[in-house]
Amino acid sequence: MPLPKRVVEPVHVARNTVSQAGSYGASSSISNELEAVTNGTLANTVRQLSSLSKQAEDMFGELVREAHSLTVRVNSLQIRLDRLSVNTKQLDSTGEEVSLQDIHMRKAFKSAIVFDQQVLSRDTMPAPMLEMYSQCDKPPPLYKLNPYREDGKDGMKFYTDPDYFFNLWRLEMLKDTEKMMHDRGKKPHRPKAEGSGGRHKKRVRQPYSTRERQRQLATQHGEYIMPQDNSHYRAPHQPYEYMEESTMMLGLSMNDQHRPSRPNSIELRRSYGPEQLHNHHTGNNMVDGRIYSPPPMNIIDSNNYAAPLSSNNMMYDESNVYNHQTQQNNYQYTGSMGEVISPLGTPSRGGRIRPSQPPPAPPSNNNSNNSTPTVSSASTPTRGRSLSSNRETLPPPPPPPIENNLPFTEPLPPPPPPVSISPPLPSANIPPPPPLPPMPDLPASLANGDVKSPPKQKSPSNLIIQSKPLVLPADCNNVRPLNGIINDLKTTVTNISSGTMTLKKTPGPGHVAHYDPRSDLLKAIRDGVELRKVEKIKQKEGERSNALHDVASILARRVAVEISDSDSASGSEYDSDGWAEETCA
Amino acid sequence: MGGPKEGVQKQIQQDWANREYIEVITGSIKKITDFLNSFDMSCRSRLAILNEKLTTLERRIEYLEARVTKGETLS
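So the sequences go chain by chain: A and B.
Going by UniProt numbering, the first sequence opens with residue 1, and the numbers climb by one from there.
Going by UniProt numbering, the second sequence opens with residue 1, and the numbers climb by one from there.
Chain A extracted, bound-state conformation (with noise of 0.2 Å):
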């Protein structure tokens, strides 16, 4: 819908003009309506003109500035030239030597022209033409429905989406880029059967997350004129400037894997993968989306994510959903702890757990993955009964043990992990720690080495021992046998080594240390490569979030990868590419 820039302001000048007269008050006051007619429409003619001389002035106030800025410009080429034209006469080419070396060593000539970028944006709009656009209709709230999609996406941007050009232009590029610095080593003509294959999935338009809207409403919060929708309409810039361009550049890497089709499959949940890569990079994002979602969305995400895992950028967005796994399972073994944790710590703990849990027990992981929901779900009955058969046998030693568990805790990320682990079987064995969060570690551990084998212990073996005053009797009650042998070993070791509370406490630390080099290690074998790749991806998607929003450095760095790339079979076969492509388009 085209909008006029400037409207002068009464359009119909002799309407309404009797009615209003009448208006005033009784037919007698009008002795004559033609006059009166005619009055008005005399009136409004002249607010006519007033508008007519205000838009004029805005007018020629416009070509005066731009008139203006030309003459500086004028002015400073006038001096630049000026001082050539000396620089020239004064050349002497008799005089001046020119050292090889010097040849070799000068620098490289860099141009100081600063090139406009972003002409067509919000900043650069003319005041009349903001003017009407202010008196447009907004968009419908669509953002008020983002808690509710379970894809993560924005609302809005299926509605109207300003960055959606610049945003397809800029993937292509990066890609067209990151492919040529690829292929350089490899063979040029790779790219052309790749580009002709994705072209499909490229005409989808398919909306960004909300991550990236929050993002720029909280970096670039107040510059609008609606408090929350306006972010997208920051930049109703490139979009039509670089749409042929980008258009012309898809020929190399239509196969967009990110933009597949519309929300209604798995496969958006895959795309999405990326575009929280993109946003990911500052941390508020993330809490941001977490925080959207509902709980149920972050199941379904990470058991979608496992199947990805295979491409590289999934990486990250795995290793966050399986915090999330994690943390939802800590929600279910804690029960109405889990709501107090605030979702924030959980992950960072079930991060640490999990690579500590490894080294445990390798088979108690599958226990517990295989039946955790129906362990959990069943361990909450027991908890009552063990809770009271506890209390009654033992009285005092419970609240030496918590003491004692805190400080252990505390210190040890690594003995997180037995908890979710062992969630179901502290449920069972140690009902009273459940108000502090730490306290089913312990009795996870106690619970794993009652029920389970000994072998597994072994590591987990000094928190057992300390705990042992506590639970052992209860222990003995229930599974005595088990773990009878090890467990007189481990009660003279404890014997020897805790007299009292304060030794048990001491030991904590001292095991801590053992433990943290250990469970370190562990993890670094373990998940060693995975984490490497998660840093790998965020540098990637730093270095990219700082080129990604410029156009002059997007375009910089492929003509620089062009330039040096000395392949010039594959810049021809792009270039082909890319016309078949727009022909096709």
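A couple of the hints might just be wrong.
Result set (DSS-like, lysine-lysine): computed pairs, CA atoms no more than 30 Å apart in a straight line [unchecked claim]:
(1) B:31 with A:54
(2) A:54 with B:30
(3) B:10 with A:5
(4) A:5 with A:110
(5) B:31 with A:107
(6) A:138 with A:54
(7) A:89 with B:53
(8) B:30 with A:5
(9) A:144 with A:110
Bear in mind the hints are in silico, worked out from the structure with no lab data behind them.
Computed from a prediction, not measured in an experiment: that's the story for all the values here.
Put chain B on the given structure of chain A with help from the hints.
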């Protein structure tokens, strides 16, 4: 009978005269706007041409400056 008729005729004639007058005014307003629009357009096109020429000139001068002046050496 004749009095009111003449009065009405007079009023109508006066009204027609007034309308003609207003028509002249509005017509001139239109002319002004047309002129302003064309003026704006021509000015902008000229300024744009000028801007373009200036840009090319700036580039050339930049090139010449880079040619003439001794660039800094890396050492």
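Hint-by-hint comparison with the structure:
With a C-alpha separation of about 16 Å, the suggested pair residue 31 of chain B and residue 54 of chain A falls inside the 30 Å cut-off, and the hint holds. At roughly 15 Å between alpha-carbon atoms, residue 54 of chain A and residue 30 of chain B fall within 30 Å of each other, so this suggested pair holds. Pair hint residue 10 of chain B plus residue 5 of chain A does not hold up; C-alpha atoms about 44 Å apart against a cutoff of 30 Å. For the hint linking residue 5 of chain A to residue 110 of chain A, the alpha-carbon distance of about 40 Å lies beyond 30 Å, and the restraint is violated.
Only pairs whose Cα atoms come within 30 Å are accepted, and residue 31 of chain B paired with residue 107 of chain A is rejected, the gap being roughly 60 Å. For the proposed pair residue 138 of chain A and residue 54 of chain A, the alpha carbon gap of about 27 Å is at most 30 Å, so the pair holds. Between residue 89 of chain A and residue 53 of chain B, the direct Cα distance comes to roughly 25 Å. Compliance with the 30 Å bound is thereby established for this hinted pair. For a cut-off of 30 Å, the pair hint linking residue 30 of chain B to residue 5 of chain A stands: about 16 Å separates their Cα positions.
Straight-line distance between C-alpha atoms of residue 144 of chain A and residue 110 of chain A comes to about 49 Å, which puts the hinted pair past the 30 Å bound.
Consistency note: the structure conflicts with the earlier hints numbered 3, 4, 5, 9.
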